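Student: Sequence:
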Amino acid sequence: MVGELVERKPTSGGFRLRIATAIAPELAPGDSVAVNGVCLTVILAEETELHADVGPETVRVTTLGSLQRGCRVNLERPLRADSRFGGHFVQGHVDAIGHIEELRADAEFHWMTVSFPGHLAAYIVHKGSIAVDGISLTVAGLGADRFDVMVVPYTMMHTNLGGAQIRDKVNL
0 MVGELVERKP
10 TSGGFRLRIA
20 TAIAPELAPG
30 DSVAVNGVCL
40 TVILAEETEL
50 HADVGPETVR
60 VTTLGSLQRG
70 CRVNLERPLR
80 ADSRFGGHFV
90 QGHVDAIGHI
100 EELRADAEFH
110 WMTVSFPGHL
120 AAYIVHKGSI
130 AVDGISLTVA
140 GLGADRFDVM
150 VVPYTMMHTN
160 LGGAQIRDKV
170 NL
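Heads up, the sequence shown is in numbering that gives the first Met the number 0, so the first residue is 0 and it goes up one at a time.
Just so you know, these hints were derived from the structure itself, not from any lab. Remember, it's a predicted structure, so these values are computed and weren't measured experimentally. All C-beta atoms in this analysis are idealised placements derived from N, C-alpha and C, irrespective of residue type, glycine included. Among the clues, some could well be false.
As the list claims (entries may be wrong) - Computed Cβ-Cβ distance ranges for the label pairs, DEER-style:
#1 6 / 31: 18 to 24 Å
#2 40 / 143: 35 to 41 Å
#3 70 / 151: 21 to 27 Å
#4 24 / 82: 16 to 22 Å
#5 10 / 120: 17 to 23 Å
#6 157 / 40: 21 to 27 Å
#7 125 / 157: 24 to 30 Å
#8 103 / 42: 36 to 42 Å
#9 79 / 120: 19 to 25 Å
#10 78 / 137: 35 to 41 Å
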């Protein structure tokens, strides 16, 4: 699910996000929602918008501090124990910020190369799962400080990766 950032209002040490989304009516204060892979607590849920606070530590270790009004954000509700799930468990804890180094098309599929800080190298495995802005993807290629993922057309159309550009920061 993709939402749109309506407002980023400063608070003491952080800010409050106001995000337009179709899932807002299903949410209540206290619910968790992942925004670009970052687990946040819903402060207020209105008919078409949710509000969530972002604290100073989250600003420091994620890309949420660089979000601009009008940008598309990935939204994910928590997994329910009584339903199916796809991909891998994405917990909403960001380990680092990566940078998109290359974007290329191969027929209708898209390849993305992302650089990452060296301390993550031991945890990224060829053919393993990785979350990029909260999107579960498979590592298709791996170097010392970068990895490649192939993104299917559906994912490009239904996530913020459809608008990704070289040098964009992403949560890993």
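Student: Between residue 125 and residue 157, does the C-beta distance stay in 24 to 30 Å?
Tutor: holds (26 Å)
Student: Using the C-beta atoms of residue 103 and residue 42, is the stated range 36 to 42 Å upheld?
Tutor: The hint (36 to 42 Å, Cβ to Cβ) holds, given that residue 103 and residue 42 are roughly 40 Å apart.
Student: Taking the beta carbons of residue 78 and residue 137, is their distance inside 35 to 41 Å?
Tutor: At roughly 19 Å between Cβ atoms, residue 137 and residue 78 fall outside 35 to 41 Å, so the hint is violated.
Student: Could you see if the CB distance from residue 157 to residue 40 stays within 21 to 27 Å?
Tutor: 24 Å Cβ-Cβ, so the 21 to 27 Å window holds.
Student: Tell me if the beta carbons of residue 24 and residue 82 are separated by a distance inside 16 to 22 Å.
Tutor: holds (19 Å)
Student: Just tell me: holds or violated, for the beta carbon distance of residue 70 and residue 151 against 21 to 27 Å?
Tutor: Distance hint for residue 70, residue 151 holds at roughly 22 Å.
Student: Does the Cβ distance between residue 40 and residue 143 fall inside 35 to 41 Å?
Tutor: holds (37 Å)
Student: Could you tell me whether the CB distance from residue 79 to residue 120 stays inside 19 to 25 Å?
Tutor: violated (34 Å)
Student: Cβ-Cβ distance between residue 6 and residue 31: within 18 to 24 Å?
Tutor: holds (21 Å)
Student: Is it true that the C-beta distance of residue 10 to residue 120 lies inside 17 to 23 Å, as the hint says?
Tutor: violated (35 Å)
In this structure, the earlier hints numbered 5, 9 and 10 are contradicted, and the remaining ones agree with it.
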